[in-house]
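**Q** What follows is each chain in one-letter form.
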Amino acid sequence: MKKVFIALGAIIIFMIVFPIIKIFWGIDLTILSDTLRDSVVFSAVFTSLECSLYATLAGFLLGIPLAYIIARHNFYGKELVSSIINIPIVVPHSAAGIALLSAFASHTFLGKGLAALGLTIIDTKLGISLGMFFLSVPFLINQSIGGFLSYDERIEKSARVLGAGFSRTFFTISLPLARHGIIKGFIMMWARGISEFGAVVILAYHPLTASVLIFERFGAFGLRYSKPIASLLILICLFIFMVVQLISNVKNKSDN
Amino acid sequence: MLKINQITKKFSQFTLNEINFTINKGECTAILGPSGSGKTILMETIVGIHKQTSGQLFLNGKEISHTKPENRDISLLYQNYMLFPHLNVYENIAFPLKLRKIPEIPQKISKIAHLLKIEHLLKRSVHNLSGGEKQRVALARAIIFEPQVLLLDEPTSAIDTHMKRKVRKLIREIHKSLNLTILLVTHSIEEAIYLADSFVFLKDGQQLQQGKKFEVFNNPQNRYIANFLGYDNVFEGEVEDGKFAIKNTNLKISFFKEEIPKCIHVSPDNIIISKEKPESSAVNVFEGTLQDFAFKGSFYQLFFDIGVEILVNITDASFENLQPKLGTKFYLSFKERGVKGF
Numbered sequence: 001m002k003k004v005f006i007a008l009g010a011i012i013i014f015m016i017v018f019p020i021i022k023i024f025w026g027i028d029l030t031i032l033s034d035t036l037r038d039s040v041v042f043s044a045v046f047t048s049l050e051c052s053l054y055a056t057l058a059g060f061l062l063g064i065p066l067a068y069i070i071a072r073h074n075f076y077g078k079e080l081v082s083s084i085i086n087i088p089i090v091v092p093h094s095a096a097g098i099a100l101l102s103a104f105a106s107h108t109f110l111g112k113g114l115a116a117l118g119l120t121i122i123d124t125k126l127g128i129s130l131g132m133f134f135l136s137v138p139f140l141i142n143q144s145i146g147g148f149l150s151y152d153e154r155i156e157k158s159a160r161v162l163g164a165g166f167s168r169t170f171f172t173i174s175l176p177l178a179r180h181g182i183i184k185g186f187i188m189m190w191a192r193g194i195s196e197f198g199a200v201v202i203l204a205y206h207p208l209t210a211s212v213l214i215f216e217r218f219g220a221f222g223l224r225y226s227k228p229i230a231s232l233l234i235l236i237c238l239f240i241f242m243v244v245q246l247i248s249n250v251k252n253k254s255d256n
Numbered sequence: 001m002l003k004i005n006q007i008t009k010k011f012s013q014f015t016l017n018e019i020n021f022t023i024n025k026g027e028c029t030a031i032l033g034p035s036g037s038g039k040t041i042l043m044e045t046i047v048g049i050h051k052q053t054s055g056q057l058f059l060n061g062k063e064i065s066h067t068k069p070e071n072r073d074i075s076l077l078y079q080n081y082m083l084f085p086h087l088n089v090y091e092n093i094a095f096p097l098k099l100r101k102i103p104e105i106p107q108k109i110s111k112i113a114h115l116l117k118i119e120h121l122l123k124r125s126v127h128n129l130s131g132g133e134k135q136r137v138a139l140a141r142a143i144i145f146e147p148q149v150l151l152l153d154e155p156t157s158a159i160d161t162h163m164k165r166k167v168r169k170l171i172r173e174i175h176k177s178l179n180l181t182i183l184l185v186t187h188s189i190e191e192a193i194y195l196a197d198s199f200v201f202l203k204d205g206q207q208l209q210q211g212k213k214f215e216v217f218n219n220p221q222n223r224y225i226a227n228f229l230g231y232d233n234v235f236e237g238e239v240e241d242g243k244f245a246i247k248n249t250n251l252k253i254s255f256f257k258e259e260i261p262k263c264i265h266v267s268p269d270n271i272i273i274s275k276e277k278p279e280s281s282a283v284n285v286f287e288g289t290l291q292d293f294a295f296k297g298s299f300y301q302l303f304f305d306i307g308v309e310i311l312v313n314i315t316d317a318s319f320e321n322l323q324p325k326l327g328t329k330f331y332l333s334f335k336e337r338g339v340k341g342f
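Taken in order, these protein sequences are the chains called A and B. Heads up: the first sequence at position 240 corresponds to 240 in my numbering, and the numbers run straight through without jumps. Heads up: the second sequence at position 104 corresponds to 104 in my numbering, and the numbers run straight through without jumps.
Since the hints were made in silico from the structure, they are not lab data. Each hint should be verified, as a subset may be incorrect.
[As the list claims (entries may be wrong)] Computed cross-link-like contacts, EDC-like style, restricted to lysine to aspartate or glutamate with a CA-CA straight-line distance of at most 20 Å:
| no. | chain 1 | residue 1 | chain 2 | residue 2 |
| --- | --- | --- | --- | --- |
| 1 | B | LYS169 | B | GLU133 |
| 2 | B | LYS277 | B | ASP305 |
| 3 | B | LYS10 | B | ASP204 |
| 4 | B | LYS166 | B | GLU154 |
| 5 | B | LYS335 | B | GLU287 |
| 6 | A | LYS157 | B | ASP305 |
| 7 | B | LYS25 | B | ASP73 |
| 8 | B | LYS25 | B | GLU63 |
| 9 | B | LYS62 | B | GLU146 |
| 10 | A | LYS157 | B | GLU44 |
| 11 | B | LYS68 | A | GLU153 |
| 12 | B | LYS169 | B | GLU154 |
| 13 | A | LYS157 | B | ASP292 |
| 14 | B | LYS296 | B | ASP269 |
| 15 | A | LYS157 | B | GLU146 |
| 16 | A | LYS125 | A | GLU50 |
| 17 | B | LYS166 | B | ASP204 |
| 18 | B | LYS335 | B | ASP269 |
| 19 | B | LYS51 | A | GLU153 |
| 20 | A | LYS157 | B | GLU91 |
| 21 | B | LYS325 | B | ASP292 |
[Claimed, not checked] FRET-style restraints, in silico, Cβ to Cβ:
| no. | chain 1 | residue 1 | chain 2 | residue 2 | range |
| --- | --- | --- | --- | --- | --- |
| 22 | A | SER150 | B | PHE214 | 44 to 50 Å |
| 23 | B | GLU18 | A | SER150 | 33 to 39 Å |
| 24 | A | LYS78 | B | GLU190 | 39 to 45 Å |
[What the hints assert, rightly or not] With the C-beta cut set under 8 Å, the calculated list includes, among others, these residues of chain B facing chain A:
| no. | residue |
| --- | --- |
| 25 | GLU70 |
| 26 | PRO85 |
| 27 | PHE145 |
| 28 | ILE260 |
| 29 | GLN301 |
All values reported here derive from a predicted model rather than from experimental measurement. Positions of the beta carbon are idealized from the N, C-alpha and C atoms, including for glycine.
Build the full structure now, drawing on both the sequences and the hints.
**A** As C-alpha cells, then:
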C-alpha cells in the first residue's frame, strides 16, 4: 500500500516538474536573447511586477488590520467574513474580471466615484492592479492571520499592562511577532499577482502584462516565440517562491 | 489599596459574579480555586484587559474601572512569563520604562538585575534562558516601573518542584523588601499559605469565601473550601439531639463546639483503630471495613467504610502490628475533642 501511495505521489510531482523543465529544455537561444533585449517584454514584465506590487501594498494596508481582527477577536459573523475572504480563490479568474468590470462600470457608484477622481480601470494600471488585488489578497490575509495566531495573545496583553497602548502594542509587538507570516503572505500575494491573467486580460489588455504578452505571442507566433517570455516569468516566480521558502525555514529555525 | 467592588464580568458561557474584596498596601492576597473558576479572568479584569460588566475598581481611593490597562499602574506577570521574544533581556526589562519615559534606565535595570541576580543575562536572547531565568526576567520587567499592585498568575506552575521553592522564596523576599502589594492567583494551597496574608476562594465564577489566612483556616465556610485547605474527613450534616448527624447516613457524631456547625472535620491523626471494641473514654466508636490503604513514606493512610468513607493515618509500626487485610472489620474510635466543627 505504501508503494502505491509513493507511486501516486510521484505522478503528481512529475506533472508539476516536467512542464517546468520542458519549457526550459531546447529553448531557442537566439529567440531567448532577442526576448531579453525586447523592450516590449521588459515593459510587460515590469508592468506585472509594478502593478502586483501596488495590489500587494493595498492588500497590506487593508488586509493586515482585518487579519488581526479575525485572529484576535470573536464576533458575530466571523465565519462568514473568513469565507468571504476566500471567495476569490474559488472564483474563475475570467469570471472575476467580468464581475469587477460590472462593479466598476461607469454607471455604478464605484465607477462614478472613480470617474469623479479622474480614474478609470479599463486599460489602465489601476485596472490591472485591481484584478491582481481581487484574486490574490486572500493569500496575504490568510498568511497574516496565521502570523498573528503563531504567538500567545498574552504577550500583547502583557505589553498593554506594562504601559503600551493599543497602537504601540500593535506596531512594536504584534507586527514584529507576526512578521514571518505577513512577509510570506506579502510575497505570495505579489507572486500570485504577477502571474494573474484571466481577470487582467478582461479589465486591461493594455498596458501589456507579462501574462497577457505570453498569450499574445502564443496566439500570433506560436509556442516557439511564447516560450522564452514564459520561461522568464516562471524564473521570476520561482525566485520569489524560493524567498518564501527561505522565510519559512528561518521562521522554523527561530521557533526551534 | 486595591478595592474590588461587586465586579461582574459576563461572557457568553461564563460569568464572574459579584467579586468583592480589598487588598491593603503591602499585603499579599491569594485567589484560590480550581481551573475554570474565573481566577485569570478576574486578574485580566483588574488590569483592564477585560471591561467589567458591572461593579467598580478602586486603587488608592481613585476609581480605575474605566482606565485603560496602560494607565492603571497595575502590573501582571503571567504563568508562562510572556517575555517579548524579539527583544533581548535588557530590552524586555527596559520596555515599561521607555514607555513611561522614566529617566536613568540603565541604572534602574542594573539595580533590579542585581536584586534578582540576573546581571549576567542582560545581553542574552530570551530564547536561551531556562525556566527559572525567564521567571526572574519577567518578574524584573513586571516590577521595574514600581507598580502600585503586582498580579501574579500561577507564578510557579510552569517550573519544576526544586525551582518552585526558590521562586516562592524570591517572591516573598521581593514582597517584603519592596513592600509590594500582591494579588496572587494560584491553585496551590501550599503556595498560598507560604506567600499570602489573605485568601479569596473562587469556584465557577462565584466568590465562596474571603478573609485573613488564619480566619479561613479556622473557619472554612463549606466542605469544598475545607478540602481545598487540605482537611480530610470533612462531613456535611446538621445537629440533632446534641450530636452531628452526617448527611445521607445514620451516623451521629459527638463533637465539641459552642456554635452549631455546618460541617465537621475529624482529623485522620486522631482516630484510633483496633480489632476489639475499645473500652476508652472516646465517645465516638464506629465499626468500619477496610477498603484501601496506601503507604505515604513515613505513615500509612487507611480508608474505611463506616457508612461514609473515612481516612485514618497510622504509623508504619502500627501498620506492621495490625497487618490489616482489605475487607477486614475494625473499630474506629475518636474523642469529641478530636472533632472540629465549622
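**Q** Check the hint pairing LYS169(B) with GLU133(B) against an upper bound of 20 Å on the C-alpha distance.
**A** With a Cα-Cα distance of about 15 Å, the restraint between LYS169(B) and GLU133(B) holds, given a limit of 20 Å.
**Q** Between LYS166(B) and ASP204(B), is the straight-line Cα distance small enough, at 20 Å or below?
**A** 31 Å, violated
**Q** Holds or violated: LYS62(B) and GLU146(B), Cα atoms, limit 20 Å.
**A** Between LYS62(B) and GLU146(B) the Cα gap is close to 18 Å, so the pair holds against 20 Å.
**Q** Classify the hint on ILE260(B) as holds or violated, based on whether any CB of chain A lies nearer than 8 Å to its CB.
**A** The hint is violated - ILE260(B) has no Cβ within 8 Å of chain A, the shortest such distance being about 46 Å.
**Q** Within a Cα-Cα threshold of 20 Å, do LYS157(A) and GLU91(B) meet the stated pairing?
**A** 17 Å, holds
**Q** Please verify that hint: PRO85(B), Cβ, nearest Cβ of chain A, below 8 Å or not.
**A** Cβ of PRO85(B) sits 7 Å from chain A, so the hint holds.
**Q** Holds or violated: LYS157(A) with GLU44(B), Cα cutoff 20 Å?
**A** 9 Å, holds
**Q** Are the Cα positions of LYS157(A) and ASP305(B) separated by 20 Å at most?
**A** 50 Å, violated
**Q** GLU18(B) and SER150(A), beta-carbon distance inside 33 to 39 Å?
**A** Roughly 38 Å apart at Cβ, these two residues keep to the hinted range, so it holds.
**Q** Regarding the pair LYS169(B) and GLU154(B), is the alpha-carbon distance no greater than 20 Å?
**A** 15 Å, holds
**Q** Sort out whether ASP292(B) lies within 20 Å of LYS325(B), counting only the CA atoms.
**A** 9 Å, holds
**Q** Given the hint that LYS25(B) pairs with GLU63(B), does the C-alpha gap stay at or below 20 Å?
**A** 16 Å, holds
In this structure, the hints that do not hold are numbers 6, 13, 17, 28, 29, in rising order.
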